[in-house]
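S.K.: Sequence order for the protein chains is A and B.
Read in order, the letters of the first sequence correspond to residues 1 to 193 in the working numbering.
Read in order, the letters of the second sequence correspond to residues 1001 to 1582 in the working numbering.
Derived by calculation from the structure, the hints in this document are not laboratory data.
Nothing here was measured: the structure is a model prediction, and the numbers come from that model.
Each computed EDC-like pair below joins lysine to aspartate or glutamate, with the alpha-carbon atoms no more than 16 angstroms apart:
1) 1459/B <-> 1049/B
2) 1265/B <-> 1297/B
3) 1538/B <-> 109/A
4) 1231/B <-> 1275/B
5) 1528/B <-> 1579/B
6) 1123/B <-> 1207/B
7) 122/A <-> 1332/B
8) 58/A <-> 1246/B
9) 1231/B <-> 1250/B
10) 121/A <-> 1329/B
11) 1214/B <-> 1151/B
12) 1191/B <-> 1150/B
13) 1042/B <-> 1019/B
14) 1528/B <-> 1560/B
15) 2/A <-> 1246/B
16) 122/A <-> 1329/B
17) 1356/B <-> 1492/B
18) 2/A <-> 70/A
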Amino acid sequence: MKNINILLAGVGGQGVLLASQILTRVAMAAGLDVKQSEVHGMSQRGGSVTSHVRFGDKIYSPTVDDGTADFLLGFERLETLRNAHCVAPDGKILYNTMRINPSTVASGEASYPEGIEANIKKYAADVIAVDGLGLAERVGNVRAANTVLVGAISSFLPFPETLWEAQLQEILPAKLVELNLRALELGRQAVAG
Amino acid sequence: MPERAILSGNEAIARGAYEAGVVLASAYPGTPSTEILENVSKYKDIYSEWSPNEKVAMEVGVGSSIAGARTLVAMKHVGVNVAADALFTFSYTGVGGGLVLVSADDPAMHSSQNEQDNRNYGKFAKIPVVEPSDSQEAKEFVGLALEISEEFDTPVLFRTTTRVSHSKSLVSFAERRVAEKKPELVKDMPKYTMLPAFGRRKHPLVEERIEKLKAYAESSPLNRIEMADTKIGVVTNGITYQYVKDALPEASVLKLGMTYPLPTKLIKDFAAQVDQLYVIEELDPFFEEQIRLMGVDVAHGKDLFSLCGEFSPQLIREKVVESSLTLQDVAEGLPARPPAFCPGCSHRGIFTILKKLKVFVSGDIGCYTLGALPPIQALHSCVCMGASIGMAHGMSHVIETGDDLTQKTVAVIGDSTFFHSGMTGLLNSVYNKGISVVMILDNRTTGMTGGQENPGTGKTLSGEDAISADIPAMARAFGIQEVVAVDPYNLEEVEDTLRAELANPQLSVIVVEAPCVLRYRISKPVLKVDPEKCTGCKRCLQVSCNALSLIEEDDNSYVEIDPNLCVGCTVCAQVCKFDAIS
Ligand code: SF4
Ligand code: SF4
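Produce the entire structure from the sequences given, and follow the hints as far as they go.
M.R.: As structure tokens, this is what we get:
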């Protein structure tokens, strides 16, 4: 199969790394070669975070070059726009519409830009906005927004539903599994049709 | 234990240490190396510890090696500068049990103060350098490096870069090696006691060792040629190898896993088989200079590739063949999202007052270095671990004393950094009649690297109870008369104390004891803004808390607090002139 490149972008603390972990584990379970890369350190404490996930028959570089992401999975709208140029010409952008103010906005030095959604649309023919926060609220935990997004992207990847569910069951604490399975399903439904 | 897993380079190094029969591992945390020891500590067959600094970690490792145990020592690139004293003479003594020193370099300075290329340490200390390019290699090369260490009687420098340390890829597992004999102390003075007379005998042996290692490098499994099209041949290493394979799938490649000393014959043979030889390496022209000295014709190297930062497949494609990608423009004018102190962090109140007083803040390395970022911008220098106190001391000795606060220095240093190398600076300052104010921000953890134990936390790396070093008592024992404590959540108290100590013509130490909120998850009732009282003056926003945001409506603006983020520290409320936050 052709290698698949996914770029995940969000804010420190949003669960970008957990979502990457689910993606890589599913790809491994499906028998593919897989690499993932992120940089931590200064990116915590509410800074911008990106994570690169690649899988296929044989993967060399663990990073996704600009202009080659088959999917951009955005966890917040400003961070989605910040990374939108990374998407390949025929790539898809899937993103959570929620807004989190950067410290520069919180301190009143900069303002949160208007018209982000329209700008994101300029970068790809295929742009899907998901109300990750709203759907996570429906399952009773705002922190499940990352799983909603994983559910959304899972609809476009060549792996059976059972693989995704099995990985969630393996890595999450037992008491969170049920809720996240529902979040995964809501994410799938959000992009169906 | 599963047979295969997705591991980061750091997790794989820990696994490699386990499989290779390592008995002791020591380190000081530092991004991107920290997770190595965190993961080693999960293997109960290995004794592991956080040492207070990299030099001590190295010394602990040297002792373990002399006692015959296989040993791993880990640190970030700048940590090797601290450990270098022990390392350079350990190169002369050689090892008992094999010793691998992991140096995690940080090209692009994702989380560092410089981007030094530690391959140079191999040449400088005359020891071999081994470099993996993914997690599987990271695991396997630890075992090979330990074998080299024992066979050639030398410590081995094991160099990774951030993209190897923090990238994950598939790793398959093996059993732990069983050592032939137990560690044992054998007294061998000429080997381990580097008096001049013994040291002089050692130096020629070290030079001989390098010659033997060169011969080994020619046929080592660490180096390999992947012959393909012969128009372009690339000599490369580490993560750059992976980029080259993606960018130039047709090219022939000489992949160096042992990056010092270099295999002359292998390189010459490879060069002879290709039309054009490229040397592609991040940071310094470490290979290129040596290859040119061999008399080999290098078509391209640092004439095309930068000495700074990280590479990528795309960058290599662009430099070697024309890029076929047309790239979309980056969205412009977006507000930056820098990291900030966590909501409730005890550093917030301290920096709010330091900024107000307009003093020169001599900074150090830790979360508090974020005090340099906007909107706070009240940290005016930061060079290396533990430097803040010595630097403030130096500054204050050349500035005429007076009442002008802008000409006064306050050193700020965290607990872990104080234990690392701030203690000696403080002793110097009291001994040499310093007059600065030293603030020790004791939040009982190593915060920036994610909350590791240290001599103040009361726990060891393996989770056992330990002493909890008493910083005020230490300062008093050094002979400092003026040691005071402040509550960082009481801004008035912080300001009064700082003003009093700045006026005091002696060295004083202010200890700020308040636990890191990220590690200890402290929270009090959430605060609210009264929109009637809030005038939208933005004063509170200057404390840089992500829980606060400005709401702008047509003719009205006011601040709101996100109840999911606020932990009720009250700092924002204390700076509000209109009493709008409670
Ligand atoms: S991790 Fe701890 S010390 Fe660092 S910014 Fe957060 S609360 Fe402050
Ligand atoms: S009280 Fe104010 S400064 Fe403290 S956490 Fe809450 S919003 Fe942030």
